[in-house]
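Participant: Listed here are the chains, written in short residue letters.
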Amino acid sequence: MEDGRIVELYLNKEEQALTESAQKYGRKLRGIAYGILRNFSDAEECENDTYLSAWNSIPPHEPRNYLFAFLGKITRNLSINLYNKHHTQKRYGQVVELTQEMEACIPSPSDAPCMIEDDDLMEAINAFLSLLSKEERSVFVARYWYGDSVKEVAQRFVISESKTKSMLMRTRNKMRKYFQDKEIKL
Amino acid sequence: MRGKDLFEKFTNIKEEYIQEVETESERIANSGKQSKGNKIAELRKWTALAACILGLLVIVPFAGDLFIGLNESSSMDSTTTTTTEGLPEPEDGALEESALEESAEESLEEGSSSEFLGMYVDISTFPIYDADVEMELMLEDRAVILETFLDNELESLVYDIFTNSEADEYLCTSTIHDIRVLTEEEVEELASEKAWDLDAYVSDENLEQAAIVLVDVTWEETHGEIGGGTYEYIPEGRYEKYFILGQVEGRDMFEVWGVR
Numbered sequence: 001m002e003d004g005r006i007v008e009l010y011l012n013k014e015e016q017a018l019t020e021s022a023q024k025y026g027r028k029l030r031g032i033a034y035g036i037l038r039n040f041s042d043a044e045e046c047e048n049d050t051y052l053s054a055w056n057s058i059p060p061h062e063p064r065n066y067l068f069a070f071l072g073k074i075t076r077n078l079s080i081n082l083y084n085k086h087h088t089q090k091r092y093g094q095v096v097e098l099t100q101e102m103e104a105c106i107p108s109p110s111d112a113p114c115m116i117e118d119d120d121l122m123e124a125i126n127a128f129l130s131l132l133s134k135e136e137r138s139v140f141v142a143r144y145w146y147g148d149s150v151k152e153v154a155q156r157f158v159i160s161e162s163k164t165k166s167m168l169m170r171t172r173n174k175m176r177k178y179f180q181d182k183e184i185k186l
Numbered sequence: 001m002r003g004k005d006l007f008e009k010f011t012n013i014k015e016e017y018i019q020e021v022e023t024e025s026e027r028i029a030n031s032g033k034q035s036k037g038n039k040i041a042e043l044r045k046w047t048a049l050a051a052c053i054l055g056l057l058v059i060v061p062f063a064g065d066l067f068i069g070l071n072e073s074s075s076m077d078s079t080t081t082t083t084t085e086g087l088p089e090p091e092d093g094a095l096e097e098s099a100l101e102e103s104a105e106e107s108l109e110e111g112s113s114s115e116f117l118g119m120y121v122d123i124s125t126f127p128i129y130d131a132d133v134e135m136e137l138m139l140e141d142r143a144v145i146l147e148t149f150l151d152n153e154l155e156s157l158v159y160d161i162f163t164n165s166e167a168d169e170y171l172c173t174s175t176i177h178d179i180r181v182l183t184e185e186e187v188e189e190l191a192s193e194k195a196w197d198l199d200a201y202v203s204d205e206n207l208e209q210a211a212i213v214l215v216d217v218t219w220e221e222t223h224g225e226i227g228g229g230t231y232e233y234i235p236e237g238r239y240e241k242y243f244i245l246g247q248v249e250g251r252d253m254f255e256v257w258g259v260r
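These protein sequences, in sequence, are chains G and P.
When we follow the working numbering, the leftmost residue of the first sequence carries the number 1, and every step to the right adds one.
When we follow the working numbering, the leftmost residue of the second sequence carries the number 1, and every step to the right adds one.
It should be emphasised that the hints constitute simulated quantities derived from the structure, not laboratory data.
Please note that a few of the clues may not be correct.
No more than 16 Å apart at the CA atoms, straight line, and that leaves these computed lysine to aspartate or glutamate pairs for EDC-like [as the list claims (entries may be wrong)]:
#: 1; chain 1: G; residue 1: Lys177; chain 2: P; residue 2: Asp130
#: 2; chain 1: P; residue 1: Lys4; chain 2: G; residue 2: Glu97
#: 3; chain 1: G; residue 1: Lys174; chain 2: G; residue 2: Glu101
#: 4; chain 1: P; residue 1: Lys9; chain 2: G; residue 2: Glu103
#: 5; chain 1: G; residue 1: Lys165; chain 2: G; residue 2: Glu136
#: 6; chain 1: G; residue 1: Lys134; chain 2: P; residue 2: Glu22
#: 7; chain 1: P; residue 1: Lys9; chain 2: G; residue 2: Asp120
#: 8; chain 1: G; residue 1: Lys165; chain 2: G; residue 2: Glu101
Let the hints inform the model, and build the full structure from the sequences given.
Facilitator: So this is what it looks like as structure tokens:
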């Protein structure tokens with residue numbers, strides 16, 4: 001079913017919206033959650049909570065043209081929250097790896113609170129992403145938004161793992177330089 | 001801010017960038033299916049080319065120095081005292097048939113890279129290269145098209161090799177699809193897979209720092225007979241070449257010490 005029709009189902013509060021969403025995007029959403037949590041039952045829990053959250057947020061939102069991204073953002077947020085809840089004591093491999101890599105994008109990492117407003121930071125991140133080539137951006141987003149492993153990114157875009165690693169490293173360096181040049185205090 | 005915070009904030013990037021990953025991967029998957037049908041024809045083409053190259057190697061005792069830099073079919077290990085001024089000078093007879101036999105033998109040997117890796121550059125400490133580089137450089141005897149950016153001085157050093165002009169030597173177009181410093185993991189993997197003795201560079205040349213730059217290049221001839229027939233034709237095609245760079249103790253500059 002087309003995204004527009006699924007959104008209509010949500011808007012009309014028809015339960016079929018949930019089954020259609022699950023049928024079309026369930027596997028991908030579980031994949032996003034699993035990328036962060038590395039636990040199937042937790043990933044499934046996040047997937048189900050995603051539909052519930054979408055049910056409550058459509059309306060007012062009407063993501064007719066970006067339903068997957070809309071659901072994916074909810075899944076990612078839920079997964080991070082669940083990760084934080086479960087792993088306050090013991091940090092977990094995949095997320096540690098991803099967050100350590102992302103730290104390389106920050107000019108001067110510190111525990112001090114971020115100096116920039118969330119909206120401004122998002123604007124800067126999106127502006128930076130807009131400067132990248134489509135390939136660079138997709139690889140970067142697949143790794144740090146979807147939480148794909150390097151191997152999964154390489155398979156997704158049919159490139160070597162070494163090229164993937166190298167592209168990611170370059171993009172992280174570019175992002176750090178971008179923040180520095182724009183004097184964005186993170 | 002820490003990496004973890006940035007990772008969390010990253011959730012709210014524009015939806016279009018999230019969707020783009022899906023469309024890009026679908027597009028690639030579909031184009032992969034389409035190209036499968038052409039693979040047999042492609043294989044036949046490359047088999048014919050390989051036969052042609054083999055014939056040339058037997059006949060030609062010497063080839064122009066760029067041949068070493070760009071011809072993937074030559075399995076020669078060009079360990080040389082090369083400077084940034086140009087590509088390595090070939091050793092006499094290096095492209096003879098025996099090179100192929102050596103390659104086969106070499107693959108049975110084990111590579112060595114532990115010492116080389118011990119002095120491998122930390123490229124993240126290099127300043128980001130921000131000199132203006134022409135993406136399409138047209139020279140008298142060649143064109144160099146750059147499809148990527150140069151991120152540091154090592155990549156720039158290797159790029160310069162492609163732009164150095166030796167009159168009456170060869171006429172060509174090089175399209176550089178990618179040029180990058182390999183990671184230590186990649187070098188370790190390559191040395192083991194291809195049985196490269198990288199440690200020999202360290203001991204022989206007294207290197208203080210080392211690196212390998214990969215160039216993914218398509219080479220096109222623009223003329224048939226070049227240099228009055230002195231130099232052999234360089235087969236057209238796409239190649240991955242590895243430039244071994246090192247900085248000798250007491251010198252400031254990196255130099256190219258070998259091409260694989």
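Participant: Give a verdict on every hint.
Facilitator: Here's how the hints hold up against the structure:
1. G:Lys177 with P:Asp130: holds, 11 Å
2. P:Lys4 with G:Glu97: holds, 10 Å
3. G:Lys174 with G:Glu101: holds, 13 Å
4. P:Lys9 with G:Glu103: Holds, at roughly 12 Å.
5. G:Lys165 with G:Glu136: Given pair Lys165 of chain G, Glu136 of chain G holds - Cα atoms ~11 Å apart, limit 16 Å.
6. G:Lys134 with P:Glu22: holds, 12 Å
7. P:Lys9 with G:Asp120: holds, 11 Å
8. G:Lys165 with G:Glu101: holds, 11 Å
Of the hints listed earlier, there is not a single one the structure fails to meet.
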